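Colleague: Sequence:
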Amino acid sequence: MTTSQHRADHLESKDPCTSQGSAENGNLAWQIQDQQTTERAVEESIKQVSDGGDAAPLTSKVELAEDTVVNVINKHRMGLKKKLRKLVAVTSKKLQKDNVTTDEVVKIVDDNRQMMQEEVK
1 MTTSQHRADH LESKDPCTSQ GSAENGNLAW QIQDQQTTER AVEESIKQVS
51 DGGDAAPLTS KVELAEDTVV NVINKHRMGL KKKLRKLVAV TSKKLQKDNV
101 TTDEVVKIVD DNRQMMQEEV K
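Numbering follows the UniProt record's numbering, in which position 107 of the sequence shown is assigned residue number 107; successive positions increment by one, without gaps.
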């Protein structure tokens, strides 16, 4: 089979006018819509749990696909990592600007930790 014949066969199989092509397109559209619904439910569950709520009612409404859940969790983690990187960058710039040594930083952190513990008591 030549390359042009292979392309023609492939295009014909994806043609919405043919029954096979429309069945595949319909199935693909359903999968995309189902995945988007699942992603929204998982994202809402993550928000609800981070706000101290219970995610069980939301996640039980949708049959979750393992890959989708993993993808959404990874997106959430990447968002947290980006925020952390920004905080680290700002902190290191402030430390460089003030020419603070590591020992001084450790002392400041320890002092702050001790003050917080005293406030709790």
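Please keep in mind that the hints were generated in silico from the structure rather than gathered at the bench. Small disclaimer: the values here were computed from a predicted structure and weren't measured. Glycine included, every Cβ here is placed at the ideal spot set by N, Cα and C. Some clues are possibly wrong.
Stated by the list, open to error - Each pair of labels, with its calculated beta carbon distance range: (1) Val90 - Gln114: 16 to 26 Å; (2) Lys83 - Glu104: 19 to 29 Å; (3) Lys83 - Gln36: 19 to 29 Å; (4) Lys86 - Gln117: 20 to 30 Å; (5) Arg113 - Ser92: 17 to 27 Å; (6) Glu118 - Val88: 20 to 30 Å; (7) Gly79 - Asn112: 20 to 30 Å; (8) Arg85 - Met115: 22 to 32 Å.
Colleague: Are the hints correct? Go through all of them and say.
Modeller: Checked hints:
1. The given range of 16 to 26 Å is respected by valine 90 and glutamine 114, whose C-beta atoms sit roughly 24 Å from each other.
2. At roughly 26 Å, the beta-carbon separation of lysine 83 and glutamate 104 lies within the given 19 to 29 Å, and the hint holds.
3. A hinted range of 19 to 29 Å holds for the C-beta pair lysine 83 and glutamine 36, which are about 25 Å apart.
4. At about 28 Å, the CB distance of lysine 86 to glutamine 117 agrees with the hint of 20 to 30 Å.
5. Range check, arginine 113 to serine 92: Cβ separation about 20 Å, and the 17 to 27 Å hint holds.
6. Take glutamate 118 and valine 88: their Cβ atoms lie about 28 Å apart, and the range 20 to 30 Å holds.
7. The given range of 20 to 30 Å is respected by glycine 79 and asparagine 112, whose C-beta atoms sit roughly 27 Å from each other.
8. At about 27 Å, the beta-carbon gap between arginine 85 and methionine 115 stays in the expected band of 22 to 32 Å.
Checked against the numbered hints above, the structure violates none of them.
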